[in-house]
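Going down the list, the protein sequences come from chains A and B. Just so you know, my numbering puts 1510 at position 18 of the first sequence, and the rest follows in order with no gaps. Just so you know, my numbering puts 286 at position 269 of the second sequence, and the rest follows in order with no gaps.
Among the hints, erroneous ones may be present.
Claimed, not checked - Label-pair ranges, simulated between beta-carbon atoms: (1) A/1678 <-> B/26: 34 to 40 angstroms; (2) B/221 <-> A/1777: 40 to 46 angstroms; (3) B/51 <-> A/1777: 56 to 62 angstroms; (4) B/34 <-> A/1621: 15 to 21 angstroms; (5) A/1501 <-> B/174: 24 to 30 angstroms; (6) A/1659 <-> B/107: 29 to 35 angstroms; (7) A/1786 <-> B/213: 45 to 51 angstroms.
Stated by the list, open to error - Okay, derived cross-link-like pairs now, BS3-like style, lysine-lysine, Cα gap no bigger than 30 angstroms in a straight line: (8) B/296 <-> A/1696; (9) B/273 <-> A/1681; (10) B/273 <-> A/1696; (11) B/145 <-> A/1513; (12) A/1509 <-> B/134; (13) A/1696 <-> B/41; (14) A/1681 <-> B/320; (15) B/216 <-> B/296.
Honestly, the hints are just simulated from the structure, not real lab data. By construction, the Cβ of each residue, glycine as well, lies at the ideal position given by its N, Cα and C atoms.
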Amino acid sequence: MAVQTDSFADMALQVKKDHRKMKWFQFQRLLRRKTALLSLIILILALLAALFAPVIAPYPDQGMGAVNLEHRLKAPGSHYALGTDIYGRDMVSRVVFGARISLFGGICIVICAAVIGVPLGLWAGYNEGISGAVISRTVELFLSFPSTLIAMAISILIGAGWSTAIIALIIPWWPWYTRLVQAEVLSIKQTLFVEAAQMLGYGKIYIIFRHLLPNVMTPVMVMILLDLGPAIITIGLLSFIGLGTQPPMADWGLMVWEGAPNILSEWWISVVPGCAMFIVVIAFNIFGDALKDILDTSG
Amino acid sequence: MKPPLIELEKVNTWFPGSKTILGKPRSWIKAVSDVSLNIIAGECLGLVGESGCGKSTLGRTVLRIAPLHSGEIRFLGDPIGTLSSKELKPYRSKMQMVFQDPKASLNPKMTIFDILKEALVLNTRVEKHAYLEQAVELLHLVDLRSEHIYRYPHEFSGGQQQRICIARALATDPRFIVFDEATSALDVSVQAQVINLMKNLQNTFNLTYLFISHDLSIMEHVCSRVAVMYAGQIVEIQDSRALFDTPRHPYTKSLKNAVPVADPEESNTLEVLKGEVPKLSDPPSGCHFHPRCNYAQDICKEKSPLKSETGDHSWVRCHFHETLWAQGTLIDN
Chain A
1493 MAVQTDSFAD MALQVKKDHR KMKWFQFQRL LRRKTALLSL IILILALLAA LFAPVIAPYP
1553 DQGMGAVNLE HRLKAPGSHY ALGTDIYGRD MVSRVVFGAR ISLFGGICIV ICAAVIGVPL
1613 GLWAGYNEGI SGAVISRTVE LFLSFPSTLI AMAISILIGA GWSTAIIALI IPWWPWYTRL
1673 VQAEVLSIKQ TLFVEAAQML GYGKIYIIFR HLLPNVMTPV MVMILLDLGP AIITIGLLSF
1733 IGLGTQPPMA DWGLMVWEGA PNILSEWWIS VVPGCAMFIV VIAFNIFGDA LKDILDTSG
Chain B
18 MKPPLIELEK VNTWFPGSKT ILGKPRSWIK AVSDVSLNII AGECLGLVGE SGCGKSTLGR
78 TVLRIAPLHS GEIRFLGDPI GTLSSKELKP YRSKMQMVFQ DPKASLNPKM TIFDILKEAL
138 VLNTRVEKHA YLEQAVELLH LVDLRSEHIY RYPHEFSGGQ QQRICIARAL ATDPRFIVFD
198 EATSALDVSV QAQVINLMKN LQNTFNLTYL FISHDLSIME HVCSRVAVMY AGQIVEIQDS
258 RALFDTPRHP YTKSLKNAVP VADPEESNTL EVLKGEVPKL SDPPSGCHFH PRCNYAQDIC
318 KEKSPLKSET GDHSWVRCHF HETLWAQGTL IDN
């Protein structure tokens, strides 16, 4: 080669600069997608609403649970924009306060389940020895019972309450991630790029985190986004039977369940928190999808 | 005489076939049986054979990726056949491999720089701050441009991907590279590019190649010596020219006959071997080739033929190679 080594150094500097420009360009591309931008705004608004609930809610005391019996079951109107529930509490305030519990609870459940489940799945998929078999059998054991039943049993065992309900839901939730990741890894570990890394002399842990993990992240992200809705609903279910969020506190899932008996006459009690949940989950999905498209590197 | 870079001594690579309940293998698939072979420093040794004859497995065995059942492998005299993966580390960077499918051998989630850096880290000659510079230099060596370095593998064509794989193999500063059907997945024109690149790099860096392929016609251009493999055994080794002109083993002759000739005047039916490649879980007795050989006699069923030297670094394993040679049966007119 005729080119001198110092010119390779110059080229290296140049490509580094270009690369930084490229990354900024990618971020701009994400924001230029209208749906992605809209969903990002919705998510930020929901987060702000949760953080500043006492300031935003028209009736903060009702949002926190104060009853207002003379205005029970008011339909949406000028005074109560989205109506009132069976205790006369303003639905707007309830939904805004509920965002605190539901959003944080739902995100907490799926993230923890993924954080526990994904590494176990990576290990079980890559090692077919005894440790892998133990993980697989444990996963099958959990998956063979209805997860709500397990969560109920655990809640009863460790005591009712919002935080214990979350722990009780993480325990039956992580095996789904383990199984998803394990199945993915079984096919990825046969590929030549894994063999090439072995040929370079890299060990198990390196290959798992550098080669397998990035290649299973796409399905895991999709599953996290899809699981958010069900997670919020299931905390609500536990709350409804008295094992989760304790009644005066607002919780979207609990509100949906509370309104269910009167759905035909006082529909807003279920539909308003249901819509809130729907919008947030859809926003998460659209944003996640756009993010995936832009970061997708597999063509 | 040049010293051998790699010596294989009675190498057997067996994979467990069916297993008992306790997980012990009940039968073995004998992908490579009893192969002894020297690879001379600086040569390009071709390894040719039908699909499923164990040639890829032999390549992987040399690099200690496939499980060695028995036998010994020596790299520059050091026995590496029984080393643990930790002890193998210093040898790993000296021996690299390029695979058939370039797309599958590059991690789709890593940039070209990440891919090359992974190999450069093992090269003790490269300092930490110079990885990017070295990676750029490697890309130039394989005729790619520096602005390609932060791209992902899917943004390249098959030929470019294969050149990235070659760059990765070069990054560790190796002595020996195995090309496992490295050109089979490419278009003919791209094939030629990659082969020329391989040859240039071999001269520049004084590399030794093991070139595995099922394509006999490429062998003639690329390799200095060619080994012919059949059902897990090497049946013949000769200089690539001589192998074409004067095959000494009946199997080599039939392989050669199966290569289509680009001449419309020639008869358009090819002489094709009868029968199938034997199952490696239950290879034939004696000479593995006897059920399909036109010249087989009783002794071929009973006794496995020994190596007989036919020249410098050339040998053949056939009971009747002397008679066939004397009669000129295997030589075209």
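We went through each hint and held it up to the structure:
1. A/1678 <-> B/26: 34 to 40 angstroms: holds (36 angstroms)
2. B/221 <-> A/1777: 40 to 46 angstroms: For residue 221 of chain B and residue 1777 of chain A the Cβ distance comes to about 53 angstroms; the hint is violated.
3. B/51 <-> A/1777: 56 to 62 angstroms: Cβ of residue 51 of chain B to Cβ of residue 1777 of chain A: about 59 angstroms, so the range 56 to 62 angstroms holds.
4. B/34 <-> A/1621: 15 to 21 angstroms: holds (20 angstroms)
5. A/1501 <-> B/174: 24 to 30 angstroms: holds (28 angstroms)
6. A/1659 <-> B/107: 29 to 35 angstroms: Violated, at about 48 angstroms.
7. A/1786 <-> B/213: 45 to 51 angstroms: Check failed, 38 angstroms falls outside 45 to 51 angstroms.
8. B/296 <-> A/1696: violated (33 angstroms)
9. B/273 <-> A/1681: violated (37 angstroms)
10. B/273 <-> A/1696: violated (44 angstroms)
11. B/145 <-> A/1513: Given that 30 angstroms is the threshold and the Cα spacing comes to 24 angstroms, the pair holds.
12. A/1509 <-> B/134: holds (18 angstroms)
13. A/1696 <-> B/41: holds (24 angstroms)
14. A/1681 <-> B/320: violated (41 angstroms)
15. B/216 <-> B/296: The hint is violated at about 36 angstroms.
The earlier numbered hints that this structure contradicts are 2, 6, 7, 8, 9, 10, 14 and 15.
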